[in-house]
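Here the structure of chain F is known, so what remains is to put chain R in place on it, guided by the hints.
Each protein sequence line maps, in turn, to chains F and R.
Each residue of the first sequence is one higher than the one before, counting from 1 in this note's numbering.
Each residue of the second sequence is one higher than the one before, counting from 1001 in this note's numbering.
In case anyone wonders, no lab produced these hints; they're calculated from the structure.
One or more of the hints may lead you astray.
The list that follows gives simulated cross-link-like pairs (lysine to aspartate or glutamate, EDC-like), each with its CA atoms no further than 20 angstroms apart [said to hold, decoys possible]: (1) F:Lys65 with R:Asp1090; (2) R:Lys1121 with F:Asp17; (3) F:Lys95 with F:Glu53; (4) F:Lys119 with R:Asp1088; (5) F:Lys36 with R:Asp1090; (6) R:Lys1011 with F:Asp116; (7) R:Lys1050 with R:Glu1008; (8) F:Lys20 with R:Glu1022; (9) R:Lys1119 with F:Asp10; (10) F:Lys119 with R:Glu1053; (11) F:Lys69 with F:Asp32; (12) F:Lys119 with R:Asp1017; (13) F:Lys69 with F:Asp46; (14) F:Lys121 with R:Asp1088; (15) F:Lys95 with R:Asp1032; (16) F:Lys6 with F:Glu53; (17) R:Lys1119 with F:Asp88; (18) R:Lys1036 with F:Asp90; (19) R:Lys1020 with F:Asp90; (20) R:Lys1006 with F:Asp116; (21) F:Lys36 with R:Glu1082; (22) F:Lys121 with R:Glu1082; (23) F:Lys3 with F:Asp46; (24) F:Lys2 with F:Asp32; (25) R:Lys1003 with R:Glu1053; (26) R:Lys1003 with F:Glu117; (27) F:Lys69 with F:Glu82; (28) F:Lys50 with R:Asp1116; (29) R:Lys1002 with R:Glu1072; (30) R:Lys1119 with F:Glu45; (31) F:Lys6 with R:Asp1116; (32) F:Lys119 with R:Asp1090.
Okay, here's what each chain looks like letter by letter:
2 protein chains.
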Amino acid sequence: MKKFSKSEIDKIVAELDFSKIEGGLLPVVVQDHKGKVLMVAFANEDAVRKSLETGYTHFYSRSRKSLWKKGETSGHLQEIQEIYIDCDQDTLLIKVHQLGGGCHTGYYSCFYRILDEGKLKIVGRKVFDPEEVYK
Amino acid sequence: MKKFSKSEIDKIVAELDFSKIEGGLLPVVVQDHKGKVLMVAFANEDAVRKSLETGYTHFYSRSRKSLWKKGETSGHLQEIQEIYIDCDQDTLLIKVHQLGGGCHTGYYSCFYRILDEGKLKIVGRKVFDPEEVYK
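Extracted from the complex, chain F is given alone in its bound form (with noise of 0.2 angstroms):
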């Protein structure tokens, strides 16, 4: 799992630009090993913080308006293994082995459904029950 120190954490902060959201937010991708894309969510540079000092990712909520650490409840966290930064620097892509499933739906990732003809189509691989998970 990939950790920062406080001080690389403030170097890498500073590199950032969270302008272009309102509310100061990056789109983070999330992916696992083999390649899959499992979500995309929006950090806040206190999330971007979190992140790098623990090995877990977290995010923030703009329905809750707080931050959130990945699999809080259901314990489907996600351990980082690196992160890489795009041209702009307003943009994370971390690559995470995913405990469980990535998707609050049950599903391993929330890209579940393609788009075929005007329909979705299920695709995608149902790893937990979240009826189970969440009660």
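Positioned in the frame of chain F, the structure of chain R alone reads:
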């Protein structure tokens, strides 16, 4: 290359939630067939319609405030192979065949740097010279 008819596009667009980001935008993750994430950009309804209609990715440029066909200047188009939609129906994942490079800096992917201790270390592959391409 994946294209959709007018009636399919109307059905798909009706399923999408453009309300989460100011200006009616969705984040779009672009990935190649090997699982490499190339870029993240934003699309409004018009950009989604153009992508589905033509089979090439289109986005909305927040800085230029206009529709943008990826690769229009450089020739580095993205041919759409598959489109996935997330659980909240507010984010798209598009798998493409990337012609040339995905990043305006000349790298194949915009995520060409990894966080290595407090520094940004280049690990990506440079595939073109931007001074030649954008002259």
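Hint consistency between lysine 1002 of chain R and glutamate 1072 of chain R [alpha-carbon to alpha-carbon, up to 20 angstroms]: Between lysine 1002 of chain R and glutamate 1072 of chain R the Cα gap is close to 19 angstroms, so the pair holds against 20 angstroms.
Holds or violated: lysine 65 of chain F to aspartate 1090 of chain R, with C-alpha atoms at most 20 angstroms apart: holds (18 angstroms)
Given pair status - aspartate 116 of chain F, lysine 1006 of chain R, alpha carbons within 20 angstroms: holds (14 angstroms)
20 angstroms Cα cutoff - pair lysine 1050 of chain R, glutamate 1008 of chain R: Given that 20 angstroms is the threshold and the Cα spacing comes to 13 angstroms, the pair holds.
Restraint status (C-alpha distance of lysine 1003 of chain R to glutamate 117 of chain F at most 20 angstroms): holds (9 angstroms)
Agreement of lysine 119 of chain F and aspartate 1017 of chain R with the hint, judged by alpha carbon distance not exceeding 20 angstroms: holds (16 angstroms)
Satisfaction of hint between aspartate 17 of chain F and lysine 1121 of chain R, Cα-Cα up to 20 angstroms: holds (18 angstroms)
Restraint check for lysine 6 of chain F with aspartate 1116 of chain R, where alpha carbons must lie at most 20 angstroms apart: holds (14 angstroms)
Agreement of lysine 95 of chain F and glutamate 53 of chain F with the hint, judged by alpha carbon distance not exceeding 20 angstroms: holds (16 angstroms)
20 angstroms Cα cutoff - pair lysine 119 of chain F, aspartate 1088 of chain R: holds (16 angstroms)
Distance restraint between lysine 1036 of chain R and aspartate 90 of chain F, which requires alpha-carbon spacing of 20 angstroms or less: Satisfied, since the Cα-Cα distance of roughly 19 angstroms is no more than 20 angstroms.
Given hint aspartate 32 of chain F paired with lysine 69 of chain F - CA-CA distance at most 20 angstroms: holds (17 angstroms)
In summary, the structure agrees with every hint in the numbered list given earlier.
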